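Participant: Residues per chain, in single letters:
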Amino acid sequence: MAFATARSLALKGADGHVIDVQVDVSPGVVGTTLVGRVDKSLSEARDRVRMAINNDCGRWPATKRVTVLLSPADLPKGGTHYDLAIAVAVLAADTSCKDLTADLLDGWAFVGELSVSGGLRPVPGVLPMVIAAAAHGLTRVFVPEPQAAEAALVPGMTVFGVRSLAQVSAVLRGAEVPEASPVVAPSASPLATWRGEDRLAGVDLGDVDGLEDVRYAVEVAAAGGHPLMLVGPRGSGKTSIAERIPTILPDLTTEQSLEVTALHSVAGTLPDGSGLLRRPPWYAPHHSASGASVLGGGTGRVRPGQVSLAHHGVLFLDEFPHFRADVVEAMRQPMECGEVTIARGEESATYPARSLVVLAANSCPCGGFHGLSGGACECSPVQRQHYLRKLSGPIVDRVDIWMEVRPQARMPDVPYAPPRESSADVRARVAEARERQARRYRDCDWLLNAAVPGPVIDARWPLTPEAQGLVDRELADGRLTRRGLTRVQRLAWTVADCAGVPRPGRAEAAVALALRSSDPSRSLPADVVAVAAS
Amino acid sequence: MSGLRSVGGTTEDDRLARVVLSAGIEPGDITTSRLVRDLGPRAALAQQLVPKPDSGLAERLAGVDPARELERAEQRGIRFVVPGDAEWPSGLDDLDEVDQLDHRCRTPGESRASEPVTFGGTPPGIWVRGPMPLTELATSVAVVGSRAASVYGVETARAIARHLALSRVPVVSGGALGIDVVAHDAALRAGGATVAVLACGVDRVYPEKNRALLAHLAAEYAVVSEQPPGSGPTQLRFLARNRLIAALTRGTVLVEAALRSGALNTVGWAEQMSRAVMGVPGPVTSYTSAGVHQCLRRGGATLVTHGSEVLELVGGSGEHLVEVPRGPERPRDRLSAVERRVLEQVPSAATLAVDAIASQSLLHVRDTMGALSRLEAKGFVDRVDGGWRLAGAG
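Protein chains in written order, with this note's numbering: chain A, 532 to 1065; chain B, -2 to 391.
Note that these hints are calculated values from the structure, not bench results. Where hints are given, some of them may not hold.
Each pair of labels, with its calculated beta carbon distance range [what the hints assert, rightly or not]: (1) A:E909 <-> B:D82: 55 to 61 Å; (2) B:R294 <-> A:E963: 43 to 49 Å; (3) A:P996 <-> B:R208: 35 to 41 Å; (4) B:L318 <-> A:D956: 44 to 50 Å.
As the structure is a prediction and not an experimental result, all values here were calculated from the model. For glycine and all other residues, C-beta sits at the position ideal for the given N, C-alpha and C.
Here chain B stands alone, though its shape is the one from the complex (with noise of 0.2 Å):
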């Protein structure tokens, strides 16, 4: 601590801090990154390094070695990236606009019964392990759904993920099993950057499962994580990571998810920075894509299909322009209503005369006639032995 204030007032000076603060404090501690949002690094730091009751905090930032810190994670290739570094990715900023998260994305009786969640704010920094600078993260979308997926929603999942990778555009996800794990997976067989967010230090493998893909990401493209090397993963700090993944992407698209999922609360925070919140819906009847139904129906989120409706939405405006989908358009589309109701009488088997054709359509003979004649240009009809009947009957 003594060391610190004798370096003085250099940005180096602001990174050690900051390393002390990312190492000490849980993820998500709202209190000191407001403090860091207000007072700069330093100070929040000198501020939480007064002992409290009923807190370790300060015990615990003093135990930080910062030096120490950053050489061993350079040693595993790790490197921690602040605010005011080229590549700090300035979305992350916005997390310090928000307020914490409400539960904006469950249901009444289970916002109720469950805890509030306490946390949010820009991170001190994040340690970031992998090659790809996070600044392309600028244009990246997130796809995040169920671990519990189903077939349905992991080719959905697929197919979302490998358009966006054809079109350039970065995927980021957690490192979970389900969506997350084949939104990555998707992208890197398209040949597209893909970015993990982790809730445990970049260095650990969470779950055992994906150690593969994960060493994969760190060593051609990036893992993210706000925590520092060598920390394990709980439960509140899935919750934690969650807000830097919607925070580093323009937009979120939710998979599948059930009334409970962990994904939900990602779209919460996508909201709440006014990203853009995107729900692929499932069959009705299947409780893996009930959260998602949840959120389209509240009016957060846009429903989307295809990875080209992602593109739309995030994209700036003009760009990625979505055709809209429509069956496909018959010569009789074009006919007016007279001609529609003519058209209607005209027999294909046999011929009929213009006075029934009339009568039968309740319009005048003069209309009639003229209907008759223009459809018979049109090739619709035929004349024949003085009656009508439909053009190629015979």
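Chain A on its own, in the form it takes in the complex (with noise of 0.2 Å):
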């Protein structure tokens, strides 16, 4: 037999396809042809496999025309793991070469990029690769030695890690598998988050001080999944606050995790040997930062921005206004449906991003604006109005929390006072809220209240009509849009998820117009506020 079918998968979005590396080995003009939309670095994959066979077991067939043809063929194919389903491929077809034979193929899946002297390196994407060669009835995977742990996420696939070319035709064979050097760590480097994520690890609400009424909203955005805005003067502890939320998110299902696996698997970010990522993600990406790296994109591959790779976590863009517009504009779309589609030409990927958005404004552009006097502020009226226009529009218009950050004045500790609540309470309580939320919507398509569609709550989670009747109001005065509206249902249920209501009442409608008001007269309950707190 003259040719031999291995397979290996491609990846549009997080979602993987499977290919078919199809290769044919019979006498002709000699060459080499790469047919099935390939682009540039797996056409150089023709080199790549020559040398690493001639260099770790056997011989290319040089004296005939090989054919190498990846299907199906209209899906765009790129990067260098298919490497490993060529190589073996080339290996089976070549009649010369009579140890690997193409039915010893059937049922694996080859992943992996081949070094000249016939290396495995691993590549990214192994994840997301290994669970669609799962879903697609394909067993046994070969994967890059470093890599199998992250491969064996998997349930129900058979990883093989290996080292080289030789080890996998070994095991194929069932012959002794060869030593063989271990492969160098992925070339691809972590797309680093502005803040090292070390400094985060030992954070605690505990550690702030008052804001209780913040302290609240952050609760109830991260029981309900609500983008959140905090809006006031510099220093008076916004990004504290804000770094201390994925500190209050329960851990990942195993569900999520390995989504959000997948998605850093996809990116790169992975570090070796982690297994699946169980804490929610945190991502702040500078308001300098392009659109390619927060929602996704670049050169080459297209890489899943900080928006994906925050999925199920958090995102927090400090400084929003100072955000450029382009990528505050393309916000839009992963906050309103939960996730991003980055289209190029032809090809376009989509990846998941439904993480909680926390944005932070200054209250002026010095930043130094707050209360009676204007605080320290030095910005004239007009450069202040122009900076709160950027604090309007289509993204703020999709947050569900927007809350004033007062400067406080310290509060020494008492004895008489409960200690501060850390995080692990907030927590546990934020679990039993989405616990709440899981079994209400466990025939619906979402989780967290955030993204129940207005329709469907009018329909079939109705507030009370005392409750519906205040929201009603607020909306005949033209205090709330429709839009409002709906964001004012969700909270309502949240709010009510966070007190253990069955179904919210005035109390819970009121809380959630004060939570969703900027208006800074709109002060919330100091019972409700204090209850999470105690």
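Since each chain sits alone in its own frame, please combine them into the complex, following the hints.
Facilitator: This is the structure:
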């Protein structure tokens, strides 16, 4: 038999597709052709594979015509991870090499980039590829050794972490596996967050003094997944409290964990041997960040951006008014649909991006403005107005909770006060509120209140008539838009879920209205805030 | 009863009579307190010990063993302070000088609907738990407000109580949730003195949530009540208690109160006793401030926004004067009317001749010239090529 088929996988966004790598080795004009919509990085595979075979296990069929076909042919293919499948298929198709026959390749998937010496190097996206392989009935996979742990996260998959092409060939033939030197670490460097993640490892909500209403707002946002805006003078604690939001989010569920890990695998930001990411991620792009880094894209491979890496976690946009207008504008899709589509030419990739979006802004350009006196603000009224205009528009309109962060006098500790709540205390309540939502939405596509479509709320989970009356009055008085109405309804549900109330009533609606409103004269009831804090 | 008579006319005898009265009457029993005012405690007690139809008072009074009450109180670290004691807060005597409270701070509709308040008067004595001598309350200020406060109310109450504490002014409030507890807490955190006046015995805790705070107050400062140890709170006792808060202090700050808030009742007493009554305004859309706004509108209360304004109102004349807040002064504020008129017409980009400026500002050239010279001397305008333009414009 002069041809063989090996299976590998292509990634479109975070979705993997099975690719048949078919190789024909037959007499003819000597040469190697690679067909099936391959891009530059993949067409270089020709040379890598030839070298690897010659240097590691046998001989490239140099006197034959080698045709490599990647199908389905309509799917654009790129990346270096097809090397292994091509090499194995060439060896199996070459009749002069009798050890490896085409039938031995059935049921296997091959993922990995080859070095000149035949070593197998790690590639990004192993986890989603292996998930796709499993979904298509493949049960055994070869991956580069450092990524065996990542691939092994997929249930029901037998994973072989290997170091070289020769080892793969030996395993397939059932021969003794030869020694090989360890492969080097992945070449892709992670998209770094702008603050080191380690710095945040030890933070706790218990470190934050006062700010009871902000703490409550953050708890509600975390419980229901509501986009949150924090506005206040510099130094009032906006960033400190935002950084602590991940600490009050419960661990990811297995399903969420796989999704997040797969996204990080695609981006190449998964540390070696880290296994599943179980804690909600935290991403805080700097306001000068490009669209590609925040939303995804980039040259060559379409990489997921920080909105996707923060999937099921927290995306914090500090100094929001300073973000580039195009980036801000493009945030609309992830905030509305929980996913982001990066279209480039005929290629388009969709990544999930359902993170808790937290925005922060100073109350004026210099950040000094607060209170009656204006604080230490040096901005002119025109400058301030111009700045505040940036705090409106489509994204801010999609913010559910608007919270003013006011500077606080220091609160010395007193013996009679209960100890300040730690992140663990709040996290337990958030988890409880999320469980209530999960029970309510068990037959739905969404998990959290913030994602419930407006018509569905009206039809299936209406507020009590008194609560709805209160909200309708706001609408009639022009203090609330239609979009705002839906947001208030969702918020009222979260307020109820946080308090353990079975259905939002007047009190919960009033709290929701106060949370949603940017009007500082709408103050939250102190007992609601204190309940959360005692 | 017979034992009391045999003791004779000593102060100790008066004190025991007051213990009996305090333990036997309902707080704010104005009939009894008027009798005490007019006849003295022993004669008042004797008169009330005469059984009357429709009243169990005589029986209740006869059942009190004052010595045992005092002993029990002492065991719990509670003292009984009566008029004539060095520690007796003289402000409480004012309660004998005012009539019982009407519903001044209520809206007309509500005052018709609610029962008239039938109590008042100086209590026979007060029960105190805590090391702080009540004489220190002479300069104190009450900070009261709604139990259902908003975050705004809490923050404002906190700021005011903190300011008072930092100025060494003791804070007095009730023991309820909301503004009361915030006022105590802020004063304590600022290192100041604060006293809670309760509507139950000073050894009782109501509400339960404030147990730790009340215990701290009793250990470090003072908890006060006109009711004997062991008695519980009732709604009417809260109303009676309010008059003590008003009487013990130099002024009452009302931070947040809905239209029917009990804090309005405290303010009514303060007003009757000519104490300073102060209201912190809230947003006009907020029902939690509607009662305060009603009070301010009626004219009995003074609007305050900051602790310093409270101090100014309760302080002696000339103490704690507050500078009137105003916007920043601009250099142009000091110009004369003519100078300003001329200055308005001087361009910044180009230059303009004197006669053009004069005609545009509808002034005589001579006056315009004079004004321009003065403006030049003050640095507002520059003379350029025979014309004028704004200084610093190029």
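Participant: Taking the hints in turn, state whether each one holds.
Facilitator: Tested hints:
The hint said 55 to 61 Å for the Cβ distance between A:E909 and B:D82, and at roughly 58 Å that hint holds. At roughly 45 Å, the beta carbons of B:R294 and A:E963 sit within the given window of 43 to 49 Å. Evaluation of the 35 to 41 Å hint for A:P996 and B:R208 yields a pass: the beta carbon distance comes to about 39 Å. Between B:L318 and A:D956 the C-beta distance comes to about 47 Å, which sits within the given range of 44 to 50 Å.
The structure agrees with every numbered hint stated previously.
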